[in-house]
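Read the sequence shown against full-length UniProt numbering and you will find it ends at 1241, with the numbers running on by one and no gaps.
Please note that the accuracy of each hint is not assured.
Claimed, not checked - Think about it this way: if two alpha-carbon atoms lie no more than 20 Å apart in a straight line, the pair counts; the simulated SDA-like pairs of lysine to any residue are:
(1) 810 <-> 793
(2) 1160 <-> 1203
(3) 1146 <-> 1114
(4) 854 <-> 894
(5) 295 <-> 224
(6) 972 <-> 1026
(7) 1146 <-> 1186
(8) 516 <-> 534
(9) 432 <-> 471
(10) 552 <-> 751
(11) 1115 <-> 851
(12) 782 <-> 515
(13) 432 <-> 388
Since the hints were derived computationally from the structure, they do not count as laboratory data.
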Amino acid sequence: MHKFFTLDSGKQLIYVLHGLGGAGKTQIALKFIQESSANFSDIFLLDASTLDTINTGLKNIAVAKFVGDSAEDTFTWLQSKHGDWLLFFDNADDPKINLNKFFPQCNHGNIIITSRNPGLRTYGDHSPVSDMEDKDAITLLLQSAAKESSAENQSLIVEQELFHLPLAIVQAGSFILQSKDIAGYLTLYQKNRARLLSEKAVQSHDLYAWTVYTTWQISFDRLSQLAATLLQLCSFLHYSGISEDMFINASEYSFPVWLPAKEELQEPLQFLSHFLGPTGEWNSLRFSEVTNEIKSYSLITFDAATKMFSIHPLVHAWSRKTLVDEAASHLCISSLLGMSIAEITDHDLTLASLRLMPHLGALNRLNAAAGAGFGASFWYIYLSAGKLQEARDLIEQVFEKCNLLFGEQHPATLEVLQRLGTTYRHLGEYQKAKVLDVLVLERCTQLLGRDHAATLRAMGNLARTHSELGDFEKAKELEVTVLEKWTKLLGENHPNTLMAVGNLAGTHSKLGDFAKAKELEVTVPEKRTKLLGEDHPNTLMAVGNLAGTHSKLGDFAKAKELEVTVLEKRTKLLGEDHPDTLRAMGNLARTHSELGDFAKAKELEVTVLEKRTKLLGEDHPNTLMAVGNLAGTHSKLGDFAQAKELQVTVLQKRTKLLGEDHPDTLMAMGNLAGTHSKLGDFAKAKELQVTVLLKRTKLLGEDYPDTLMAMGNLATTHSELGNFEKAKELEVMVLEKWTKLLGEDHPGTLLAMGNLARTHSELRDFEKAKELEVTVLEKRTKLLGEDHPGTLMAMGNLAGTHSKLGDFAKAKELEVTVLEKRTKLLGEDHPDTVMAMGNLAATHSKLGDFAKAKELQVMVLQKRTKLLGEDHPGTLMAMGNLAATHSKLGDFAKAKELEVTVLEKQTKLLGEDHPNTLMAVGNLAGTHSKLGDFAKAKELEVTVLEKQTKLLGEDHPDTVMAMGNLAATHSKLGDFAKAKELEVTVLEKQTKLLGEDHPDTVMAMGNLAATHSKLGDFAKAKELQVMVLQKRTKLLGEDHPDTLMAMGNHAGTHSKLGDFATAKELQVTVLLKRTKLLGEDHPDTLRAMGNLARTHSELGDFETAKELEVTVLEKRTKLLGEDHPGTLMAMGNLAGTHSKLGDFAKAKELEVTVPEKRTKLLGENHPDTLLAMGNLAATHSKLGDFAKAKELQVTVLQKRTKLLGEDHPGTLMAMGNLTRSHSELGDFEKAKDLEVTVLEK
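Put together the whole structure using the sequences plus the hints.
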């Protein structure tokens, strides 16, 4: 106002303050006048409540200014006086008064108007005067009550109870001024609100003449009878969100047989008749006239954006006090609301429930709903709002009344009974629902005939319940009947027929027949578009259903295209906040997720959640579904902690709202269990999954699809816990039950088969796994097509099993196909495509093509970093895989760098005890070992073993593997006895847990054999190795890589036992088989060639040994580079053979190169560097340069003593070598001392 009245506009300035009586309009105007009085030449206050008071005021101005004695004299004087005078028209509330004729007709002067009539806004600039802010309201109360600021907290409670209305606050302050007790006033007010708001305190210092209630009563008394009645009726509804549509729907009430008849609704019908035209149509103009009348006194306000009315909460409460017969009005508005709900279409029900639930809640608080006879209507709202228990209680009451009034055979009773069945279905009480659905169908058939619409609806409901119970075949049988009858009765294009088509399509989808579902669903949107138009809600629903089937068929691009269309149309037609729009947004989010765009999915899901929370409240089932969906996306993004937080919320709320046994509650529990598993808390996951399985078995039966899903999830957790036999037992049951229930071709059956295959693989029964996976692939190819994501997943799984069977070429062939198809279908950046690339990289590595593996893994890491972020578990896995390949390429420093990063990130994200973190620790330990830092490797491996033992138990496969890794490090540290002790334990545990023929048991046996060999017990080593070779030949076949490795190890032991001929025979076999299976350039083939060369050397065939070693060196140089550890090892072996051939100069030339390169790559202290240095020293000795030999041997001894300890076998070997050099140099005493030391140790 200050700014407005300082404008130099060259015209008369008029400002209107409008609002509810008691809102403080007059006080604001007077405050402004007091602060700005210096800006006005004259100020005149007029009581504008009536024509008489206005005229009297104008006359008084003329008399006071000595310019006459009439209003006209005042106008003449003001028009001629060019000063900044101000006229204040106070309380211009009467809409019948034309205030404009009392304005001086001139281009100067200022006018302020206060009014309850918002229509006066047209006179000039304006401000609505509504409730005060908390801070201002507290200040006003404290001033009125003469209280100190220390009472602010109590004042806040009081002013909020008074809904921030200034006049009410002033009245309260006056009362408190006398009583001196704020808290006491609040108690009195809550019990005596009407009296306290009607009476003015005796000693009030406020000059305002009226109380809160009397100021509204003055306005109310001026209303017409119809306007007063509308206001009074609305006082029983919620004070906000009152719409004309509510009354329009009520006027269209069609008197269903199960709801009140015309003779029971005389009063509401009489009220509605005032708003109907001559032919019974709704007259919106008349309704607007009445509401505008009420608005003119600011007793209601209108929001043009929402087209909703609201009433100030205090006016709302006061309005009921104006009633003579409160009970009759109660019943009238309850009936009007019930009539309105009865005419709402199913499509509009969700949104209507949002608008009407607050009103229904208000009526129920006043015990109006039960007496209105519209329980069946109110049931709709409770059900749509997710208040299932209330819906059940209400419809049960209605059923009892119908049964009593009409009898159990009456159509009205059957209609209500059907709704009770629907309620049980929503509550997850499917057996109860089925009993009622069967009863309704039988009675409808008996009373109305099998072709009656009510009978067909009952059949459809029963089909839906059978579907919820997992009996999809029975559901299909009923739905086929329903469709045939609707088609015959109404034709194939009728909405009921099309709904039946859609329902049958949904059941085909549940049966896994997506092609048939699509065939049916394609026809529905076409027909609905023709009948209803492409933008009709039912058409868009059909398009959405078709999109869902495209998604199940793996055509995510088409699904996205359709879903984008649905979302755009629903947004345009219904608005972005409509439940159907949000459902479309959620569906699109799911498809983005399928397409691998998790960030976009999250963005959409956050929007859905925010809007649903605002619209429906945080406890509504649809809101909780949105929370669950967002949690799933957080999980896909690797944010398991956030996923868990959201899922805990969902579980708690569903348990509270629906009960702990409701299917949705159990689904939430299962989802939370899955996240616990991803967080590595398998024990908690198992605990929750056992609960889910027990409850589902009890509630639904052991053969129900959801029960079988729970059993499968529990099996997976048993597998994670290392209990593969238990997992297998459960998965066999799941597979048998799926096959029996849904057939061997159902997606659920094939999923169960794939899971069982994985467990067979964990149990190392690769042939059985392959057999099952071939079946899955063949069936999915036939059912879904060769390009479906499920088919490609099956192909990838089969490729993995071929790899485990040692058929890397076949694995590569399949993986190339998967990668090509996924790239074409999903794009090169889709997570599934990137996974396929990673799998192919692993196979290239197994085929010895480390360079290609690295190339692919670098791409995988880059793509995952870009798509998922550098901290995502998938990104860290890619980094770990790349590290492993760097290690195979001999770049241990780079491998270490990557593995340190992985470990730091895993620790930060998942905690130091998570399985992924411990795996990272183990991998880093392995790299430290390759770098020769066995002490650091041991330290890390001890940590892993201790944590695994604590977290998973000492018998878990991961714990036993950690023990085996630690044993290997003890062996490298020369502590063969400790290594043996651990390996014996590992072998015993593996034998007990997995059986003596399990591949892991056989591997443990082979490791123990190697340690016996290092301890010099070659006979025991041979005995174990023979067993390993026999078992692997039997289990894996004679050509499997693991069998050939066993054969090579066995050959090595024969060599140590001096049986070089047998060793050679075995090694020739290994070399021939590896060449055939893997190619002549594969690292394993070259390793076999090197081993055979060594045996030829032992047999004295140095030329053949040299020939083989030259080949190995050339191939490794070409494949791995001249600096790779494998290349340098080949160079050292060739040098040794040259030495045996007497070509010491050539041997020296090669051996000088080896330590130089190893020093550069691995450091001067690495065991392999020291080994090379020792070899070079030996060659110097053979060349007669004993001094140089001694110099090198002293260095080797010192470094090994420092690194490995003075008792390590490598240290003692170095000491023995130095002894020989001292002897060659004639220092026999020194040689003797060293020999004594070696002998003692």
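For each hint, the structure was consulted:
Distance check on the hinted pair: residue 810 and residue 793 sit about 16 Å apart at the alpha-carbon level, within 20 Å; holds. Using a Cα cut-off of 20 Å, the hinted pair residue 1160 and residue 1203 holds, with the two alpha carbons roughly 18 Å apart. For the hint linking residue 1146 to residue 1114, the alpha-carbon distance of about 16 Å falls within 20 Å, and the restraint holds. Taking the CA atoms of residue 854 and residue 894, the gap is near 12 Å; set against the 20 Å cutoff, the hint holds.
Taking the CA atoms of residue 295 and residue 224, the gap is near 13 Å; set against the 20 Å cutoff, the hint holds. Between residue 972 and residue 1026 the CA atoms are separated by roughly 24 Å; this puts the pair beyond 20 Å, and the hint is violated. As the CA atoms of residue 1146 and residue 1186 are separated by approximately 18 Å, the hinted pair is consistent with the 20 Å bound. Between residue 516 and residue 534 the CA atoms are separated by roughly 23 Å; this puts the pair beyond 20 Å, and the hint is violated.
A distance of roughly 15 Å separates the Cα atoms of residue 432 and residue 471; the hinted pair therefore holds under the 20 Å criterion. Distance check on the hinted pair: residue 552 and residue 751 sit about 14 Å apart at the alpha-carbon level, within 20 Å; holds. For the proposed pair residue 1115 and residue 851, the alpha carbon gap of about 14 Å is at most 20 Å, so the pair holds. Taken as a hint, the residue 782 and residue 515 pair is honoured in the structure, with Cα atoms around 11 Å apart against an allowance of 20 Å.
Our distance criterion of 20 Å between C-alpha atoms is met by residue 432 and residue 388, whose separation comes to about 15 Å.
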